[in-house]
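Participant: Here the protein sequences come in this chain order: X and F.
If you use our numbering, the first sequence closes out at 337, no skipped numbers anywhere.
If you use our numbering, the second sequence closes out at 410, no skipped numbers anywhere.
Misleading hints may appear alongside valid ones.
In the DMTMM-like style, the derived pairs of lysine to aspartate or glutamate whose C-alpha atoms are separated by at most 25 angstroms in a straight line are [said to hold, decoys possible]:
(1) X:Lys-50 <-> F:Asp-203
(2) F:Lys-173 <-> X:Glu-239
(3) X:Lys-50 <-> X:Glu-199
(4) F:Lys-232 <-> X:Glu-22
Because the hints were derived from the structure by calculation, they are not lab data.
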Amino acid sequence: MPRRTMIEAIRDAMDVSMGRDERVVVFGEDVGFFGGVFRCTQGLQAKYGKSRCFDAPISESGIVGAAIGMAAYGLKPCVEVQFADYVYPAYDQIVSEAARLRYRSNGDFTCPIVVRMPTGGGIFGGQTHSQSPEALFTHVSGLKTVVPSNPHDAKGLLIAAIEDPDPVIFLEPKRLYNGPFDGHHDRPVTPWSKHELGEVADGHYSIPLGKAAIRRPGSAVTVLAYGTMVYVAQAAAEETGIDAEIIDLRTLLPLDLDAIVTSVKKTGRCVVVHEATLTSGFGAELVSLVQENCFYHLEAPVARVAGWDTPYPHAQEWDYFPGPARVGRALIETMEA
Amino acid sequence: MADAGMLRFHVPEPEVRPGGTPDFSNVTIPKAGSVPRPEIDVDPRTIRDMAFSIIRVLNRAGEAVGPWAGLLTDDELLEGLRNMMTLRTFDARMQMAQRQGKTSFYMQHLGEEAVSSAFRKALKPGDMNFPTYRQAGLLIADGYPMVTMMNQIYSNEADPLKGRQLPIMYSSKEHGFFSISGNLATQYIQAVGWAMASAISNDSRIAAAWIGDGSTAESDFHSALVFASTYKAPVILNVVNNQWAISTFQGIARGGSGTFAARGLGFGIPALRVDGNDYLAVHAVAKWAAERARANLGPTLIEYVTYRAGAHSSSDDPSAYRPKAESDAWPLGDPIIRLKNHLIHKKAWSEDRHTQAEAEILETVIAAQKEAEGHGTLHAGGKPSTRDMFEGVYAEMPAHLRRQRQQAGV
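Bound conformation, chain X alone (with noise of 0.2 angstroms):
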């Protein structure tokens, strides 16, 4: 089976969307004949023309709301905002606009699109190309939030997200492009051609929304992760030595909360892991839904290790980051509670 980058699945998802369902366009900041900042989109343009495939101006609001209204045409538009960090002035368009109008006309309109942005931090991207914003769109009814963590599921997850009837929210680990991330930063990173993970097989395939994966079975605590962090908590997992099972949640918004229910009345003890900040993080939804539905086998506090609640800093992003000492020191903590 081939081997790709995540870059090179999710482009992969693209080329075989498009190539299957002219409805499908693709627009946003430097998309178009130069590929993307991070070449998600290269050789998109080239192969099915400049109408499929486009520059947009900078101006957020206006690629989602152009593609809303492309939507509400008949379109299936997948665009791409830079970075995650960015997505902000197009955030009443998301929330007021993509997640409400199957609601508010009944069906009469519907909004077929995904928003792709590379989130998360870990490149020395300072506070503006960091970001996990992905709390700010669970929290709004009628959005579905995708976080992949490998090329696989990237590719599998971001072509059900573009066949999805309704607005996707599609963040892109941009720590995870090139290959899998365990936390140090100072060691070198694994490329996906040497990961399993990195088989990406060609043509269409979908994984569906809303169903979380095992990464690595355990039966001594339970460890909620998705994204960078599924990999920071394996190696945390490996380096205390503790048996933890850990769930990539991958898609946030539907939940598979049967997967995270089933774990925890098996562990008894429950970790979550984000990178985003702590304080009303996608965390406390997670910690929540686990002591409402697992209350009663629950042999410890569920602990939640998350990124500290200040701006995402430069030169200390190190020490802001959630790396596996912290993960490890949670582990533990919970293990002995």
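Mind docking chain F on chain X? Use the hints.
Facilitator: Leaving out everything else, chain F in the frame of chain X:
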């Protein structure tokens, strides 16, 4: 020589406030028929002055004059008159229904009936409007059933939107009327996106964007102009300047710009100003813009100069911020009276027939109202189910919403 002393902060003020005498002497009104009608493929750079004038067809004598006249037959004009009269009657009845507690909220068009009623007739079936809350004339003029509008206003059991939307936030794809958001300006760029999609699909349908003078200050307005200009989208960019954004006079959004139409000039978009109370002028200018869009000549920006004679909404009291008699002093008159006088001048209409038509229309509207009220009003009779509240958030209901619906006991 610039004043180099202490800096002074500038806040624009309207000419007159409550208690004062209405004064529109600052509004320059060109003579009807005086503004030329360029070819649709005109170089936008050569018609920049049109963004500062006002295209008018009907003069004070009730005659249709100049190069923008002569597009509509008597029958079409009579239909236009009837549509505007219907809209005004509909508004009066629904405003009253709101006061009677039959619904929570209403927004009327008083004084602005010509804008949406005439515009609709310049479009073709399949074209799509992205309206604001003051363009119900688009629906009336397209034959959308009044009963259905009222069902929506009453949020009753027959409400096509299942009680989910504020009154008057209609939606009808079939009638080229995009779902009204209630947020301002958001739909402006969406109209451009729809038009881009039509061009991408090599279709022949065009889009129309709608916004008020106040909301042109939103960034989405500017995004829309950039996108429309860049991609030469087949879209008509409508700005309804009714002088007032709730209590805020149009100068707060307009700033130092001469007119709202002039906003288009920096984008290379042909920009026209039109007498929004002149049914013939509105229709003629809209048709010109529609022809441009359909001929791949790109967007046109149109500013409709009109006056919001009524309150902003049923929750507003204009006497708190503008002179009560201001609407009477508005120099462009009333759109219904002007079209009526024109038709009488043409001997196609008479005072008697007008009075008779008023009675007939009132009867029709009351009949529709009775039928709608048979399906319930906001607080009485049939209403959408609680179950409807949980439906339609997604194409397929996700598990968490199913659980919540069970918790709600429905």
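Participant: Take the hints in turn and mark each one as holding or not.
Facilitator: How the hints compare with the structure:
The straight-line distance between the Cα atoms of Lys-50 (chain X) and Asp-203 (chain F) is roughly 17 angstroms, inside the 25 angstroms bound, and the hint therefore holds. For the hint linking Lys-173 (chain F) to Glu-239 (chain X), the alpha-carbon distance of about 59 angstroms lies beyond 25 angstroms, and the restraint is violated. A threshold of 25 angstroms between alpha carbons decides the hint, and for Lys-50 (chain X) with Glu-199 (chain X) the separation of about 30 angstroms lies outside it, so the pair is violated. The hinted pair formed by Lys-232 (chain F) and Glu-22 (chain X) meets the criterion: a straight-line CA distance of about 21 angstroms does not exceed 25 angstroms.
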